[in-house]
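Residue numbers (the numbering used here): 285 to 704.
FYI, nobody ran anything at the bench for these hints, they're computed from the structure.
Source: prediction; values computed, not measured.
Take the hints with a grain of salt, since some may be wrong.
As the list claims (entries may be wrong) - Taking CB as the label site, the calculated pair distances span: (1) R672 <-> P606: 21 to 31 Å; (2) Y401 <-> K586: 54 to 64 Å; (3) K506 <-> K387: 28 to 38 Å; (4) P472 <-> G332: 18 to 28 Å; (5) K352 <-> A565: 41 to 51 Å; (6) K613 <-> G693: 22 to 32 Å; (7) S678 <-> K506: 25 to 35 Å; (8) K353 <-> K387: 25 to 35 Å; (9) E397 <-> K352: 14 to 24 Å; (10) E386 <-> D591: 51 to 61 Å; (11) A666 <-> K349: 20 to 30 Å; (12) G396 <-> A584: 47 to 57 Å.
Beta carbons: idealized from backbone N, C-alpha and C, even for Gly.
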Amino acid sequence: MIKTVKSVDLKGKRVIMRVDFNVPMKDGTVQDDTRITAALPTIKYILGQGVKTLTLMSHLGDPSKDAKKAREKAEKDGKTFDEAAYIKGKHRMAPVAAYLGEKLGRPVIFAGEDSCYGKKAFIDSQKDGSIIMLENTRFHKEETSKEEAERDKLAKELASYGDIFVNDAFGTAHRDHASTASIAKFVPVSVAGFLMEKEVNYLEPIVTNPQKPLVAIIGGAKVSSKIAVLENLLKNAGALVIGGGMAYTFLKAQGHKVGKSLVEDDQIDTAKRILDSALKAGVELVLPVDQEAAETFDAASKAIPVDGPDLPDGLMGLDVGPRTIAKYKEVLARAKTIVWNGPVGVFEFDAFAKGTEEVAKLVAAATERQVITVVGGGDSVAAVNKFRLASKMSHVSTGGGASLELLEGKKLPGIEVCRA
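Using the sequences provided together with the hints, build the complete structure.
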């Protein structure tokens with residue numbers, strides 16, 4: 285059980301809140317405000333409780349790593365690179381503060397560029413009820429340092445800005461960073477915001493005590509990134525649907541021909557082990573029985589139907605076929621809980637989007653039948669957004685890596701600090 289912002293008296297208190305405003309930026313303009321919108325209920329609630337100040341902190345990309353990549357690309361292309369202009373356009377929190385102010389209909393005070401240090405006097409000088417935004421926390425190496433003492437240096441400074449720490453940044457809950465977890469050591473009270481609470485309430489029961497039957501749809505490119513999730517979900521799932529590029533590692537493990545499809549040969553034994561575990565546990569493991577293939581991995585490629593699990597040498601599987609979709613429908617019809625992490629095809633290419641679109645429609649239809657449906661993982665979220673079905677799901681997670689690690693059964697630092 286986690287403590288939430290509703291469990292503490294906020295009146296007259298200084299609140300320091302971690303949000304996940306790591307939003308896509310272009311030329312200093314917010315391109316997608318999904319994460320900002322998701323934090324609004326908690327922000328509005330806190331402001332409505334008569335707080336002295338609410339100070340928000342977030343990272344925005346990784347300035348040093350992103351700038352390094354951009355510099356290397358510019359040099360490769362024979363172009364000049366202005367690092368200061370690059371960072372200002374993509375990593376400064378000032379434009380985000382201004383955007384948030386527009387969403388709230390009130391000023392959001394930016395605490396100043398370059399540093400999160402030395403802002404206590406500035407924050408304490410603001411009038412009661414003020415909302416303040418700090419600069420990008422990842423401008424400081426201490427934020428992500430592997431050394432506890434280094435993280436604690438920044439965490440202590442951030443802690444001095446508040447009497448209560450509120451963590452509503454589920455997207456970074458799996459990170460043991462200064463602003464997500466270390467800060468809790470130096471603040472008297474640490475609680476979760478409403479977004480964090482909602483994520484935990486939907487995702488944790490899938491691992492601990494789901495309404496059964498549980499059907500897990502796990503897709504994406506690589507088995508290696510989903511091993512722990514697959515193994516953990518086998519404990520509670522009635523059926524495991526495996527799609528996307530990772531399905532071909534399993535099909536090869538079964539002895540099928542996979543043509544030029546994406547396969548992780550070093551994970552064949554892992555796939556065999558999971559297949560064996562599913563059989564012993566009585567878990568139905570669903571793999572493609574037909575597919576849409578192509579000669580090359582290209583958006584312009586034409587789909588070539590293949591009626592069976594085996595592919596000729598010259599083809600690669602990029603989507604599932606109609607018989608596989610029919611099998612999905614049959615399996616999902618029995619579910620009381622559905623968790624979906626990863627697309628079942630290359631949905632970014634229109635010719636190979638049907639499988640993932642049909643999964644999205646099936647999961648949306650299940651929600652209408654009062655089935656608990658949870659979508660987690662960046663590509664799955666992008667898919668339900670593309671097909672305009674996000675609102676038809678019980679819950680769409682805001683955290684890719686965080687939701688994945690929670691489904692693996694791991695304890696997430698940013699959640700653990702909010703435990704009762």
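Results of checking the hints against the structure:
Checked against the hint of 21 to 31 Å, the pair R672 and P606 passes, with Cβ atoms roughly 23 Å apart. In this structure the supplied range 54 to 64 Å holds for Y401 paired with K586, their Cβ-Cβ distance being about 57 Å. Look at K506 against K387: about 37 Å separates their beta carbons, and that is inside 28 to 38 Å. One distance hint, 18 to 28 Å for the beta-carbon pair P472 and G332, holds here, with the actual separation near 22 Å.
Restraint check, K352 to A565: a C-beta distance of roughly 45 Å satisfies the suggested window 41 to 51 Å. Between K613 and G693 the CB atoms are about 29 Å apart, so this pair conforms to the stated range of 22 to 32 Å. For S678 and K506, the hinted distance range of 25 to 35 Å is satisfied, since their beta carbons lie about 27 Å from each other. Roughly 30 Å separates the CB atoms of K353 and K387, a value that falls within the hinted 25 to 35 Å.
Under the hint 14 to 24 Å, the C-beta atoms of E397 and K352, about 20 Å apart, fit the expected range. Between E386 and D591, the C-beta spacing of about 53 Å keeps the proposed range 51 to 61 Å intact. Roughly 22 Å separates the CB atoms of A666 and K349, a value that falls within the hinted 20 to 30 Å. Taking 47 to 57 Å as the suggested C-beta distance range, the pair G396 and A584 conforms, at roughly 49 Å.
In terms of the numbered hints stated before, the structure departs from none.
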